[in-house]
Amino acid sequence: MRARTVIAVAFAAIIVLAPAWAALADGGEEDFTAKDFVEQAIGLLQGQPDLLDLIEGRIGDALEDDEVEGVDLALVAQAQEAFEEGRAEETIELLARSIGEEVGPALHQPEVGGGLEAPEGTAGPVLIAVGVALILSGAIVAWRLR
Amino acid sequence: MRVGAQPQGAARPGLARRFFDALDERLGLRSLAYPVPQHADKLAYSLGGLSLVAFLALLVSGIALAQFYEPEPATAHASVRRIVTDVMLGSTLRGFHYWMSMAMVVLVGLHLLRVFASGSFKRPREGSWIVGVALAGITATFFFSGTVLKWDQESLEALEHNVEIAGILGRFGYWLSPEFGGIPLLHRLYTLHIAILPAVFFLVVAMHLLLVKRHGMAPSPFRGGPVPEPTEPFSRHLARLGGFALILIGFVTVLAVIAPPMHGMAPVEGIEVTKPPWPMLWLYPVENWVGVSGILWATLAIFAALLIVPFVDRGQERHPLKRLGVVIPAGVVVLAVLGLIVYALVTPVAAHLG
Numbered sequence: 001m002r003a004r005t006v007i008a009v010a011f012a013a014i015i016v017l018a019p020a021w022a023a024l025a026d027g028g029e030e031d032f033t034a035k036d037f038v039e040q041a042i043g044l045l046q047g048q049p050d051l052l053d054l055i056e057g058r059i060g061d062a063l064e065d066d067e068v069e070g071v072d073l074a075l076v077a078q079a080q081e082a083f084e085e086g087r088a089e090e091t092i093e094l095l096a097r098s099i100g101e102e103v104g105p106a107l108h109q110p111e112v113g114g115g116l117e118a119p120e121g122t123a124g125p126v127l128i129a130v131g132v133a134l135i136l137s138g139a140i141v142a143w144r145l146r
Numbered sequence: 001m002r003v004g005a006q007p008q009g010a011a012r013p014g015l016a017r018r019f020f021d022a023l024d025e026r027l028g029l030r031s032l033a034y035p036v037p038q039h040a041d042k043l044a045y046s047l048g049g050l051s052l053v054a055f056l057a058l059l060v061s062g063i064a065l066a067q068f069y070e071p072e073p074a075t076a077h078a079s080v081r082r083i084v085t086d087v088m089l090g091s092t093l094r095g096f097h098y099w100m101s102m103a104m105v106v107l108v109g110l111h112l113l114r115v116f117a118s119g120s121f122k123r124p125r126e127g128s129w130i131v132g133v134a135l136a137g138i139t140a141t142f143f144f145s146g147t148v149l150k151w152d153q154e155s156l157e158a159l160e161h162n163v164e165i166a167g168i169l170g171r172f173g174y175w176l177s178p179e180f181g182g183i184p185l186l187h188r189l190y191t192l193h194i195a196i197l198p199a200v201f202f203l204v205v206a207m208h209l210l211l212v213k214r215h216g217m218a219p220s221p222f223r224g225g226p227v228p229e230p231t232e233p234f235s236r237h238l239a240r241l242g243g244f245a246l247i248l249i250g251f252v253t254v255l256a257v258i259a260p261p262m263h264g265m266a267p268v269e270g271i272e273v274t275k276p277p278w279p280m281l282w283l284y285p286v287e288n289w290v291g292v293s294g295i296l297w298a299t300l301a302i303f304a305a306l307l308i309v310p311f312v313d314r315g316q317e318r319h320p321l322k323r324l325g326v327v328i329p330a331g332v333v334v335l336a337v338l339g340l341i342v343y344a345l346v347t348p349v350a351a352h353l354g
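So the sequences go chain by chain: A and B. Position 12, counted from 1, in the first sequence is what the numbering used here calls 12; the numbers after and before it change by one each time, with no gaps. Position 304, counted from 1, in the second sequence is what the numbering used here calls 304; the numbers after and before it change by one each time, with no gaps.
It should be emphasised that the hints constitute simulated quantities derived from the structure, not laboratory data. The model shown is predicted, which means the values in this text are computed figures rather than measured ones. Ideal placement from N, C-alpha and C gives every residue a C-beta, glycine not left out. One or more hints might be untrue.
Which bits of chain A does chain B cover? Going by a derived footprint, with three or more residues having C-beta under 8 Å, they are [unchecked claim]:
#: 1; segment: 59-71
#: 2; segment: 80-92
#: 3; segment: 121-128
Residues from chain A shown here face chain B by an in silico Cβ test under 7 Å; the list is partial [as the list claims (entries may be wrong)]:
#: 4; residue: F32
#: 5; residue: G47
#: 6; residue: Q48
#: 7; residue: A142
#: 8; residue: L145
A few chain B residues that don't get close to chain A, going by computed Cβ distances all over 12 Å [stated by the list, open to error]:
#: 9; residue: A64
#: 10; residue: A117
#: 11; residue: P230
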């Protein structure tokens, strides 16, 4: 191997294998409030409802936290009960109400879009027609100039 | 005689021809008709041009989206929802931007693979390759920052990884940390996405195009036929590229209507419930095994490997079957990345951050 190649490989190796100088980030615990824990529990219920222990833990953390401003703990306790009985939808609703929100278009609306959808209104079919026309005209141009 | 002037006795050209002549006299359009080898017309040799078309389409759709988007952490999520639900054709506009960004990632990746497979980076085109790798890096940064801007749960988790990696980089990552600047990191990523990256992209792509013009198209190791290879005008190549571009834009338009991209729940700090989008998904298992630092080192390793390609594979031979010493390791890396993406799809969601 030529000297230049050796230098290039060594340089790449240094970049890739020299993490020693970079101390790992200080991942100190963040200071969450009861409201944060409630929001996290809602997020988990909507994003990863299978993580039962984690969700249960977040609801428990909310009930045990000292900073409870803006949280109706009675509703959180009801949510805990609903969760233990497997009523996930009701748990989300109670948790949202406990912080003065509703599950809806405001904060905790789950995802929109994704997957295949039939186009709504007249714009959708028109746009599809435009797209197909572009594909066909492009194909004709590419074919004629091949 | 003035360019485009009428010789005596000749039939007067049509209006379109005279209009083109007038334009050519002022803009020098015919200078685009310089000869390029015929293989330039193949789709595989149009992937770079198509990547540029995708970028321009993203620029236009991005400018339209920017009229409605608020890069404020408290309102960004709602503004994206408003684009999807309230703005006329907003869902399609966002879908177009999303799918075109996916297309650009794929096109840039395929262009890199094509250039590698055909040995087009070899002397004297090493500079084109290195600048091209830089463009791939800029594209990846575009993709990452765009992922954050939609400001749903996936975005927040991506941003938290950004912050964690900034910490790993220490003083070199300060610019990427929330401490720098005194304004929310989302603002700065927005500036990066809509101002800094486009400006840098234009500069670097101009260098790339100048180098391609300077050295000409590399010979194709896959063609048979007469030697030397027949040529054709570059303007014809551009016209065929225009045809491919229409197909791309039409295809993405249809996708935007029938498959609008997901917009997740509003971001909540302190939980990790999402996986990254598929172009970054190969890093997910790496993060599972190594930790967050694995994202940084794996990414750097890939780009470092790409950068040294022209310095390692220096022989004259361009055909991949005659360069197995570098083609096989590269193939293993590509298969590993694809394998990691598939593995990540079936891996359960895991928490990685402090």
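These are the hints, each one checked on the structure:
1. 59-71: Coverage by chain B is violated here, the residue count being 0 at a Cβ distance below 8 Å.
2. 80-92: Coverage by chain B is violated for the segment 80-92 of chain A (0 residues, Cβ < 8 Å).
3. 121-128: Held - the segment 121-128 of chain A has 4 residues with a Cβ nearer than 8 Å to chain B, which meets the minimum of three.
4. F32: 6 Å, holds
5. G47: 3 Å, holds
6. Q48: Interface hint status for A:Q48: holds (4 Å vs cutoff 7 Å).
7. A142: 3 Å, holds
8. L145: 4 Å, holds
9. A64: At about 14 Å from chain A, B:A64 clears the 12 Å cut-off, so the statement holds.
10. A117: Nearest chain A Cβ is 21 Å from B:A117, so the label holds.
11. P230: Per Cβ check, B:P230 is outside 12 Å of chain A; nearest 14 Å; holds.
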